[in-house]
Amino acid sequence: MQIPEPQEQHRWLHRLEGDWTVESTADMGPGQPPAHGTGTERVRRLGALWVVCEGEGGMPGGGPAHVRMTLGYNPHQQAFVGHWVGSMMTHQWIYRGTLDAGGTVLALETEGPSFTGDGTLVRYRDTITLLGPDERTLASSALQPDGQWKSFMQATYRRVPPAPERA
-1 MQIPEPQEQH
9 RWLHRLEGDW
19 TVESTADMGP
29 GQPPAHGTGT
39 ERVRRLGALW
49 VVCEGEGGMP
59 GGGPAHVRMT
69 LGYNPHQQAF
79 VGHWVGSMMT
89 HQWIYRGTLD
99 AGGTVLALET
109 EGPSFTGDGT
119 LVRYRDTITL
129 LGPDERTLAS
139 SALQPDGQWK
149 SFMQATYRRV
159 PPAPERA
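Residues -1 to 165 (our numbering) make up the sequence shown, in order.
Please keep in mind that the hints were generated in silico from the structure rather than gathered at the bench. Computed from a predicted structure; not experimentally measured. Each hint should be verified, as a subset may be incorrect.
As the list claims (entries may be wrong) - Okay, derived cross-link-like pairs now, EDC-like style, lysine to aspartate or glutamate, Cα gap no bigger than 16 Å in a straight line:
id	residue 1	residue 2
1	K148	D98
2	K148	E107
3	K148	D25
Let's have the full structure, built from the sequences with the hints guiding it.
Right, dumping it as structure tokens:
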């Protein structure tokens, strides 16, 4: 088997590589104040075709959270593909996504358990937006019964500058 050559989409994912700080805000539901959180993320390449994002932070109400995301691009499907798992849940989120024409917004579609807890699955979208080489955002939204997307979480990622080399 011959290893595929990285394409433009793979090189886009390489822009995520590095260490990041994270500040987030999550909607906790009607009548509840939003939850604010902080954390860190390390993104590394898995070969030239994938990136692995490993994050740590706190859960609303306390306790640690650990998350892992993989992202790649499948040229046969002409789509970004990947998954997300977190230490706080049993569901594995499977991604399929597209990059906007401007090359700054990656929309990842997935399906997961409804916030109602009734056992139904609903559609979700995680949107990664590159604001520059050292800043990006992640916005998570859920498809509502009326066909509108409702945002429930926003996070800002800022690149941690590399440590200066010692002489």
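A quick look at each hint next to the structure:
1. K148 to D98: Status violated; Cα separation ~20 Å.
2. K148 to E107: With Cα atoms ~14 Å apart, K148 and E107 stay inside 16 Å; holds.
3. K148 to D25: holds, 10 Å
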